[in-house]
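Student: Residue numbers for the sequence shown follow the numbering used here, so the first one is 25 and each next one is one higher.
Since the hints were derived computationally from the structure, they do not count as laboratory data.
Please read all numbers here as calculations on a predicted model, not as lab measurements.
One thing to keep in mind: the hints can contain errors.
To be verified - Simulated restraints on C-beta separations: (1) A97 - E173: 38 to 48 Å; (2) T176 - A142: 22 to 32 Å; (3) L213 - A157: 20 to 30 Å; (4) K110 - T46: 21 to 31 Å; (5) R75 - K196: 41 to 51 Å; (6) M143 - N122: 19 to 29 Å; (7) K51 - G183: 44 to 54 Å; (8) A157 - L230: 33 to 43 Å; (9) S229 - K51: 41 to 51 Å; (10) Y198 - A157: 28 to 38 Å; (11) Q55 - G183: 39 to 49 Å; (12) Y198 - A142: 22 to 32 Å.
Stated by the list, open to error - Result set (BS3-like, lysine-lysine): computed pairs, CA atoms no more than 30 Å apart in a straight line: (13) K225 - K110; (14) K202 - K110; (15) K202 - K179; (16) K225 - K202; (17) K196 - K179; (18) K110 - K51; (19) K196 - K225.
Glycine included, C-beta positions come from ideal geometry on N, C-alpha and C.
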Amino acid sequence: MADVESNGNQNEEANKSSRDRTTPDWKYWRQMPHDLLWKVVALSCNIEPRRVRLADTDYWMYRARWGEPEHHARDREFVDRLEIAKARIAELEHALVNMGEGNERRIRLPEFASWALAMQWPIPPAFAEMAEAAIKGGKPRNESLGTTERGTVQKLIAGFLAQAYSRERIAKPYAIAKDVQAVLQSVGLHLSDDTIVNWIKDAASLLTAPDKKAS
25 MADVESNGNQ NEEANKSSRD RTTPDWKYWR QMPHDLLWKV VALSCNIEPR
75 RVRLADTDYW MYRARWGEPE HHARDREFVD RLEIAKARIA ELEHALVNMG
125 EGNERRIRLP EFASWALAMQ WPIPPAFAEM AEAAIKGGKP RNESLGTTER
175 GTVQKLIAGF LAQAYSRERI AKPYAIAKDV QAVLQSVGLH LSDDTIVNWI
225 KDAASLLTAP DKKAS
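Taking the hints into account, I'd like the entire structure generated from these sequences.
Tutor: Next up, the structure:
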């Protein structure tokens, strides 16, 4: 009986030690302004990316699919969140330090934490506290535009579209977005193609059809 109890205590200590190794060192991360996308996603899952094999996402996809029982749910959560963050990267434009490709994107930690809360993801309390810095910093620039200012920007874009593109081309905003994105990148500026497309669509709605007179 004593041996069973001793083994139970040893297993409990081993599990605690394992959790300690994989739980984020929040003293360190509170001082990091930004890091790679996959690392920030890992933090949202309460995983220490410096101590767990997260960089090899294929390995983690394998583990999430076939699983190690004690980690299976957390592995799957990490993979799911990373896929969602990549798919919705346009919503994180204000948090991007650089565009990059895939996992090479660098994200500001407070802004990502704020976005994760808006997504209603359960995140560690220490990470939620970091979101306060983003909230105090104000809203993203595109959301802080007033109605008048936003309307002015849309009219400017509509004017450029009308001068540079045919109505047929304007009806295909993703093609135009790629052109605009290439020009911006050539001068060191970055916007996601989804963001550009949204602005083009808004501006295009202001253009008067050729067979109608503007009132």
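Student: All hints are to be evaluated individually against the structure, with a verdict given for each.
Tutor: Going through the hints against the structure:
| no. | hint | result |
| --- | --- | --- |
| 1 | A97 - E173: 38 to 48 Å | holds (45 Å) |
| 2 | T176 - A142: 22 to 32 Å | holds (28 Å) |
| 3 | L213 - A157: 20 to 30 Å | holds (25 Å) |
| 4 | K110 - T46: 21 to 31 Å | holds (23 Å) |
| 5 | R75 - K196: 41 to 51 Å | holds (47 Å) |
| 6 | M143 - N122: 19 to 29 Å | holds (22 Å) |
| 7 | K51 - G183: 44 to 54 Å | holds (52 Å) |
| 8 | A157 - L230: 33 to 43 Å | holds (37 Å) |
| 9 | S229 - K51: 41 to 51 Å | holds (50 Å) |
| 10 | Y198 - A157: 28 to 38 Å | holds (35 Å) |
| 11 | Q55 - G183: 39 to 49 Å | holds (46 Å) |
| 12 | Y198 - A142: 22 to 32 Å | holds (26 Å) |
| 13 | K225 - K110 | holds (22 Å) |
| 14 | K202 - K110 | holds (18 Å) |
| 15 | K202 - K179 | holds (21 Å) |
| 16 | K225 - K202 | holds (14 Å) |
| 17 | K196 - K179 | holds (19 Å) |
| 18 | K110 - K51 | holds (27 Å) |
| 19 | K196 - K225 | holds (9 Å) |
Going down the numbered hints, you'll see the structure goes against none, and every one checks out.
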